[in-house]
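Engineer: In case you want the letters, here they are:
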Amino acid sequence: MRLALFLTCFNDTLHPQTGKAVVRLLERLGHRVDFPLQQTCCGQMHFNTGYRPETLPLVRRFAEVFAEYDAVITPSASCAGMVREGHPVTAAQYGDHGLRGAVADLLPRVYELSEFLVDELKVTDVGAYYPHRVTYHPTCHSLRMLRVGDKPLQLLRAVRGIDLVELPGADSCCGFGGTFALKNSETSTAMLADKLREVRGTGAGVLSAADNSCLLHIGGGLARLRSGVRTVHLAEILASTEEAAV
Amino acid sequence: MTGSGTNVVWLGSPSFPEAARPLLKDEQLRGNLRRATTTIRERRLAVTGELDDWEELRTAGEALKRRTLRHLDRYLEQLEESVTRAGGQVHWAADAAEANRIVADLVHATGEREVVKIKSMATQETGLNEALAEAGISAYETDLAELIVQLADDRPSHILVPAIHRNRAEIREIFRTAMARYGRPAPEDLSDEPKALAEAARLHLREKFLRAKVAVSGANFAVAETGTVAVVESEGNGRMCLTLPETLITVMGIEKLVPSFADLEVFLQLLPRSSTGERMNPYTSMWTGVTPGDGPRAFHLVLLDNGRTATLADRHGRQALHCIRCSACLNVCPVYERTGGHAYGSVYPGPIGAVLTPQLVGVENAASLPFASTLCGACYDACPVKINIPEVLTHLRAEVVEAARARRRLPTAEAVVMKAAGSVLASPARLAAAQKAASLGGRLLGHSVRRLPGPLSGWTDSRDLPVPPAESFRAWWKRTDGGRQDENDKKDQKEGT
Numbered sequence: 001m002r003l004a005l006f007l008t009c010f011n012d013t014l015h016p017q018t019g020k021a022v023v024r025l026l027e028r029l030g031h032r033v034d035f036p037l038q039q040t041c042c043g044q045m046h047f048n049t050g051y052r053p054e055t056l057p058l059v060r061r062f063a064e065v066f067a068e069y070d071a072v073i074t075p076s077a078s079c080a081g082m083v084r085e086g087h088p089v090t091a092a093q094y095g096d097h098g099l100r101g102a103v104a105d106l107l108p109r110v111y112e113l114s115e116f117l118v119d120e121l122k123v124t125d126v127g128a129y130y131p132h133r134v135t136y137h138p139t140c141h142s143l144r145m146l147r148v149g150d151k152p153l154q155l156l157r158a159v160r161g162i163d164l165v166e167l168p169g170a171d172s173c174c175g176f177g178g179t180f181a182l183k184n185s186e187t188s189t190a191m192l193a194d195k196l197r198e199v200r201g202t203g204a205g206v207l208s209a210a211d212n213s214c215l216l217h218i219g220g221g222l223a224r225l226r227s228g229v230r231t232v233h234l235a236e237i238l239a240s241t242e243e244a245a246v
Numbered sequence: 001m002t003g004s005g006t007n008v009v010w011l012g013s014p015s016f017p018e019a020a021r022p023l024l025k026d027e028q029l030r031g032n033l034r035r036a037t038t039t040i041r042e043r044r045l046a047v048t049g050e051l052d053d054w055e056e057l058r059t060a061g062e063a064l065k066r067r068t069l070r071h072l073d074r075y076l077e078q079l080e081e082s083v084t085r086a087g088g089q090v091h092w093a094a095d096a097a098e099a100n101r102i103v104a105d106l107v108h109a110t111g112e113r114e115v116v117k118i119k120s121m122a123t124q125e126t127g128l129n130e131a132l133a134e135a136g137i138s139a140y141e142t143d144l145a146e147l148i149v150q151l152a153d154d155r156p157s158h159i160l161v162p163a164i165h166r167n168r169a170e171i172r173e174i175f176r177t178a179m180a181r182y183g184r185p186a187p188e189d190l191s192d193e194p195k196a197l198a199e200a201a202r203l204h205l206r207e208k209f210l211r212a213k214v215a216v217s218g219a220n221f222a223v224a225e226t227g228t229v230a231v232v233e234s235e236g237n238g239r240m241c242l243t244l245p246e247t248l249i250t251v252m253g254i255e256k257l258v259p260s261f262a263d264l265e266v267f268l269q270l271l272p273r274s275s276t277g278e279r280m281n282p283y284t285s286m287w288t289g290v291t292p293g294d295g296p297r298a299f300h301l302v303l304l305d306n307g308r309t310a311t312l313a314d315r316h317g318r319q320a321l322h323c324i325r326c327s328a329c330l331n332v333c334p335v336y337e338r339t340g341g342h343a344y345g346s347v348y349p350g351p352i353g354a355v356l357t358p359q360l361v362g363v364e365n366a367a368s369l370p371f372a373s374t375l376c377g378a379c380y381d382a383c384p385v386k387i388n389i390p391e392v393l394t395h396l397r398a399e400v401v402e403a404a405r406a407r408r409r410l411p412t413a414e415a416v417v418m419k420a421a422g423s424v425l426a427s428p429a430r431l432a433a434a435q436k437a438a439s440l441g442g443r444l445l446g447h448s449v450r451r452l453p454g455p456l457s458g459w460t461d462s463r464d465l466p467v468p469p470a471e472s473f474r475a476w477w478k479r480t481d482g483g484r485q486d487e488n489d490k491k492d493q494k495e496g497t
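Those protein sequence lines, which keep their order, are chains R and Y. Per the UniProt record's numbering, the very first residue in the first sequence carries number 1; after that it's consecutive. Per the UniProt record's numbering, the very first residue in the second sequence carries number 1; after that it's consecutive.
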């Protein structure tokens with residue numbers, strides 16, 4: 001099986017440790033993953049901000065770069081959602097017949113990390129060790145776009161040493177919403193404030209999620225409050241072992 | 001104004017972010033909203049969760065709406081025929097002004113100078129009360145929440161609960177200071193107990209019900225096949241208006257039709273469970289034309305377009321016309337919960353307002369609304385007729401940008417950033433160079449950024465921003481051949497095996 005890592009431009013630039021964690025995790029499970037260097041971005045920012053013609057080249061690039069792989073794995077629920085919902089829409093509206101076909105052909109092989117582990121590799125215990133009190137924020141797009149359900153939690157529950165505590169109001173949006181956080185920063189901040197209160201109320205030292213963009217937002221708020229709560233991507237917890245702790 | 005949906009948006013309303021600013025600082029409002037939306041949300045979850053076929057009902061509702069809109073022309077003509085056959089009269093209004101004129105003329109023809117009103121979104125949308133006042137006709141709202149809004153000279157902030165932004169202490173003050181202006185005053189010693197407030201409203205409204213000769217209503221549904229019109233409500237005040245006066249005038253959006261009487265079975269399950277979180281609403285009134293000796297002697301049905309035909313023409317946006325005005329999307333929306341309805345500057349607030357209003361009035365007249373969402377998808381999950389609100393929102397965002405492009409209003413700063421980002425992301429080499437520059441720049445800034453300039457300050461007003469790491473993933477991958485040459489990585493692996 002030829003596996004490709006679609007890391008996303010955001011993680012590539014700001015969170016390389018998440019990409020390394022995915023590589024290490026999959027290798028531990030016996031799978032070599034490739035990182036095609038021609039990859040850039042899924043186009044979500046352009047698409048969701050209304051710049052659809054500008055999205056098209058990114059959709060085309062994605063379809064070309066990953067065409068030959070059996071599975072494309074991404075540690076971003078939001079970008080996986082964009083590929084699944086936004087790419088067909090963009091291809092239908094602006095693309096040619098060939099692109100529409102290429103997108104439709106590739107889509108079933110694109111997986112968010114927890115989907116790939118649980119649905120394809122049929123594994124929930126990935127042999128991880130993470131001795132910390134962790135709470136998990138199921139991001140909006142993982143819940144309501146990808147419908148990953150409790151797959152990330154199944155994976156986390158199997159981690160040895162973890163003290164997993166429930167986050168009240170977990171399914172509420174943190175207020176990020178991409179450019180929403182800039183265009184409607186005050187409303188975004190009001191939503192964030194409620195999320196921060198819930199996170200801090202759990203007493204967890206680590207907040208995890210399947211998306212670094214939401215974690216950047218919540219983490220930015222936690223850092224501003226000097227809360228002492230760290231944000232750690234799901235992949236990094238799953239990659240952590242007693243020998244190589246994150 | 002290119003859209004014909006005049007009065008849908010409140011004139012002079014600022015953009016959503018501006019309108020939201022003072023509302024977000026109003027702690028009383030935030031508390032009222034949080035309490036109210038949380039309660040309704042929990043009730044809705046309980047009564048939708050108990051039905052095994054809830055998802056099938058949603059699918060059926062969506063399919064019915066889709067079919068109705070596809071053949072709307074035919075069903076509307078059928079409705080006109082069946083209403084006329086049953087002794088009613090049908091009027092067609094292309095826009096708000098025409099609808100208001102028709103209603104005012106009909107009231108004048110009765111010789112009356114006042115009407116009682118049932119809660120109605122369509123007449124809110126046309127601004128009927130103000131138009132009637134200009135024509136010398138007093139319109140009295142009889143829905144309890146609409147009464148509160150009218151007495152306070154306020155605007156509704158929710159589709160189902162127009163006074164959701166008020167708590168009972170505020171309502172007591174409104175009743176005490178304003179009831180006398182409209183009729184029977186509130187008692188001097190009025191308390192803020194719900195029972196006492198309801199009693200004051202009951203006494204105030206009763207004299208209007210008994211006196212009124214003309215009523216104006218909206219409609220939840222109209223059956224094309226039979227000409228039957230339905231109003232669904234909780235208080236019974238609507239029933240009073242529908243049965244006591246001699247003349248009944250109903251203003252209804254043209255999308256509110258269902259083909260056959262049996263179709264109501266689906267919607268009368270979907271609507272109360274989604275809106276008030278009840279298995280069944282207390283009052284469902286249905287009437288078919290006029291019946292001698294029973295209820296109004298004259299019935300007029302005003303069919304309102306007001307931007308709906310234009311909305312119907314949009315393949316992607318038309319699903320907004322499926323809306324049955326349950327307001328479940330408002331109650332689950334994290335944005336609405338923080339700002340309340342007034343921030344939307346429209347009769348239709350919340351997620352459905354963000355997709356409906358711009359279509360009714362033209363995107364350029366409500367350009368900030370499609371952006372007033374994080375696309376979290378809670379609205380889509382809650383919608384009883386499965387309107388994919390996030391999908392319509394991103395569609396309308398593209399319309400906003402394209403409209404600006406067409407009028408050569410681009411490039412804005414945002415468009416410049418988007419173009420630059422597009423150029424960087426079009427080439428892995430340029431992306432790598434940008435990452436390198438960002439990481440060098442970041443290192444000058446220290447560990448994290450606490451203050452950014454210009455529009456980016458919106459982020460750093462409440463959040464830190466980490467600086468880019470010294471090495472991007474792609475740089476690491478190239479340098480170490482996918483981790484094979486990485487010292488730490490090799491060490492990790494050796495220790496791990």
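Any given hint could turn out to be false.
To be verified - In silico BS3-like links for lysine-lysine, alpha-carbon gap of 25 Å or less:
id: 1; chain 1: R; residue 1: 183; chain 2: Y; residue 2: 25
id: 2; chain 1: Y; residue 1: 478; chain 2: R; residue 2: 183
id: 3; chain 1: Y; residue 1: 419; chain 2: Y; residue 2: 436
id: 4; chain 1: Y; residue 1: 478; chain 2: Y; residue 2: 436
To be verified - So, partial list: chain Y residues that the calculated Cβ filter (under 10 Å) puts toward chain R:
id: 5; residue: 371
id: 6; residue: 378
id: 7; residue: 395
id: 8; residue: 401
id: 9; residue: 405
id: 10; residue: 421
id: 11; residue: 428
id: 12; residue: 432
id: 13; residue: 448
id: 14; residue: 464
id: 15; residue: 467
id: 16; residue: 473
Think of the hints as simulated: they come from the structure by calculation, not from any bench. Computed from a prediction, not measured in an experiment: that's the story for all the values here. C-beta atoms are modelled at their ideal positions from N, C-alpha and C, and glycine is treated no differently.
Engineer: Evaluate each hint against the coordinates.
Structural biologist: Structure-based check of each hint:
1. Taking the CA atoms of residue 183 of chain R and residue 25 of chain Y, the gap is about 18 Å. The hint holds against a cut of 25 Å.
2. Proposed proximity of residue 478 of chain Y and residue 183 of chain R is contradicted: the alpha carbons are some 36 Å apart, above 25 Å.
3. As the CA atoms of residue 419 of chain Y and residue 436 of chain Y are separated by approximately 20 Å, the hinted pair is consistent with the 25 Å bound.
4. The suggested pairing of residue 478 of chain Y with residue 436 of chain Y holds, with an alpha-carbon distance near 14 Å, which does not exceed 25 Å.
5. Given the 10 Å rule on beta carbons, the hint for residue 371 of chain Y holds: about 5 Å separates it from the nearest Cβ of chain R.
6. The closest approach between the C-beta of residue 378 of chain Y and any C-beta of chain R is roughly 7 Å, which is under the 10 Å cut-off, so the hint is satisfied.
7. Hint status for residue 395 of chain Y relative to chain R: holds, with the closest Cβ pair at about 8 Å, below 10 Å.
8. Annotation: interface hint on residue 401 of chain Y holds; nearest CB of chain R at approximately 4 Å, less than 10 Å.
9. This hint holds: residue 405 of chain Y has a C-beta 9 Å from the nearest C-beta of chain R, less than the 10 Å allowed.
10. With a least beta-carbon distance of about 7 Å to chain R, the hint placing residue 421 of chain Y at the interface is held under the 10 Å criterion.
11. Taken as an interface hint, residue 428 of chain Y checks out: its beta carbon lies about 5 Å from the nearest beta carbon of chain R, inside 10 Å.
12. Satisfaction of the interface hint for residue 432 of chain Y is found here, the shortest Cβ-Cβ separation to chain R being roughly 9 Å, below the 10 Å cut-off.
13. Using the Cβ-Cβ criterion of 10 Å, the hint placing residue 448 of chain Y at the interface with chain R is satisfied: the shortest such distance is roughly 6 Å.
14. Hint status for residue 464 of chain Y: holds, given a least beta-carbon distance of 4 Å to chain R, under 10 Å.
15. A least Cβ separation of about 9 Å between residue 467 of chain Y and chain R falls short of the 10 Å threshold, and the interface hint therefore holds.
16. Because the smallest distance between the Cβ of residue 473 of chain Y and any Cβ of chain R comes to about 4 Å, under 10 Å, the interface hint for this residue holds.
In this structure, the one hint that does not hold is number 2.
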